[in-house]
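Once you have looked at the hints, place chain G on chain S.
Heads up: the protein sequence lines correspond to chains S and G, in order. Residue numbers for the first sequence, in this note's numbering: 156 to 475. Residue numbers for the second sequence, in this note's numbering: 156 to 475.
What the hints contain is simulated information worked out from the structure, not anything from laboratory work. Check each hint, because a few of them may be wrong.
Where chains are identical, the list cannot tell them apart; a pair therefore holds if satisfied intra-copy or between any two copies.
[Unchecked claim] Straight-line alpha carbon distances no greater than 30 Å define the calculated BS3-like cross-link-like pairs of lysine-lysine that follow:
id	residue 1	residue 2
1	K207	K169
2	K246	K438
3	K375	K407
4	K438	K375
5	K407	K246
6	K246	K169
7	K207	K438
8	K207	K246
9	K217	K169
10	K438	K407
11	K246	K217
12	K375	K246
13	K207	K217
Protein chains: 2
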Amino acid sequence: MSDNPTSAEAPMFKRLALIGVGLIGSSISHAARRAGLVGEIVGSSPSSETRKRAEELGLATKMYADPSEAVRGADLVILCAPVGAYAAIAKTIGPHLEQGAIVSDVGSVKSAVVRDIAPHIPEGVHFIAGHPVAGTEQSGPDAGFAELFDGRWCILTPEADADESALAQLRTFWERLGSDVEIMSPDHHDMVLAITSHVPHLIAYNIVNTAAHLERVTDKEVIKFSAGGFRDFTRIAASDPVMWRDVFLNNKEAVLEMLGRFSEDLVTLQRAIRFGDGATLEKLFTDARTIRRGIIQASQDTPQPDFGRRAGAGAKSSAR
Amino acid sequence: MSDNPTSAEAPMFKRLALIGVGLIGSSISHAARRAGLVGEIVGSSPSSETRKRAEELGLATKMYADPSEAVRGADLVILCAPVGAYAAIAKTIGPHLEQGAIVSDVGSVKSAVVRDIAPHIPEGVHFIAGHPVAGTEQSGPDAGFAELFDGRWCILTPEADADESALAQLRTFWERLGSDVEIMSPDHHDMVLAITSHVPHLIAYNIVNTAAHLERVTDKEVIKFSAGGFRDFTRIAASDPVMWRDVFLNNKEAVLEMLGRFSEDLVTLQRAIRFGDGATLEKLFTDARTIRRGIIQASQDTPQPDFGRRAGAGAKSSAR
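Next up, chain S with everything else stripped away, as it sits in the complex (with noise of 0.2 Å):
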């Protein structure tokens, strides 16, 4: 109850055990605070200055090596680490479970997720599975902060026998901590967030691969001109790469998929540049301004230009 003393509601769980505590699971632990939603926080990390450094910043009261530990006594456990890691994680800490506890997921794929995930778990245990999507390119305990999910979306991914009550929780778990909830079948989660954020990063990721293997352009150049639109890849493609490339194996149909589609219209806009179609160039132009302005409207990004990131650049020119 320390970590809660201003509110007179009793927290939602009492014990909440995050297995991972990067930039996700930090901001789980700031953001549930934030909202008295626990009692308290353990974790656990395999990486000893993680565990400390989470423990020094109060992210957790207690800090574990092995996941199993952090989960004894917990009534809602959240996986936080590299979605290659679940299997692992899940076999290692599903004899340890809580009878009744919740046990849920933050990974940016989600088929998979259940795949290595749902056989691990006892019964009398609820596993639903689930992806906030929100996020920086930042990563580590130090990257979290408590509203990196208001106004965000978090989808819930619970397979058809989940249970009601454990999933009604879990929805009012994400909406205190700043979040609206969808709810879709795993398979569909996958194919959405295959257009919406993995094949985004993965041609994010390759246009700077790219730009950096030019004989007849620097590295250097790329970097004094990127404010021509280059920088703006650049920041997606500074995520964390192990997360990363775990989602692109776990989610390989659906991101070939779109990627075919990606790579069929890139070609024809190849055609029309090659054959100096004016027309279509500009009418495709013309059509992709539809999508920004629906985004804005659902309060997806800021509508000041440039990201009204002004502030933040161009500091060399007034600081002169």
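Frame of chain S; chain G shown alone:
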């Protein structure tokens, strides 16, 4: 002189003619007045609405429909229209340019611009092509602001026989608008910008188009879950369609070359995903962080997570 009541220095140019007053033209007006660089600013636009608005905003003391009227008496003329219109503008204004005047432009391609403008410049008038690498996704006379060029690079691409004194003056003009100035050949400019600006815009337009034409994912879902990365691409895909059409039509070779590289690299990534080659993915994703760090060190982007845009986005939540 009324534009610059506080400066004791005489303005660098007595009359600046802006041929086009969209985002860049209007920003030059604001920045030139901020620095007291010009005695008077006039402009031209084919749109009566734009002319009216530019006068209302004080971007120019007088706006003309005919660019040849705007350049009379101007010692600095800057073309700020879509580059596809340059040949016709240059032909129109050529006979009316003042002896000793400097003619420049702000187009995002340079070889085609030199090809289109240079033949129309009379003896005794100094043509030096230029490109401020700065912008936002917004367009039109209302989009400009004085700080747009602060800490951004402006590339000048003088021909070999360019007048040294005119080049020095134009360099100083851009420096006083807030830019750093770099000199390079038109061909090299077009190669550098193909990778740092043109191809990024093309793939941003392309993924927005791909996302808008899926059968299994709705536009509404794309918008809702865009915070996973996609929304970053929609910003530059909201840029002016005519300007960008003209860029691609006028930098065909360099764009097709860089696009070829991009597609080749993307196929490599696609194969790594198909065959589950996590090591290749992780290495490439790790390497991509280096360029981001370089961009931040070179003050070409904000170091704040998520472009510092939290204050603008997530407003939905805080407004509840």
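Any of the earlier hints contradicted here, and which numbers?
The structure conflicts with hint 12 only, although it agrees with all the remaining ones.
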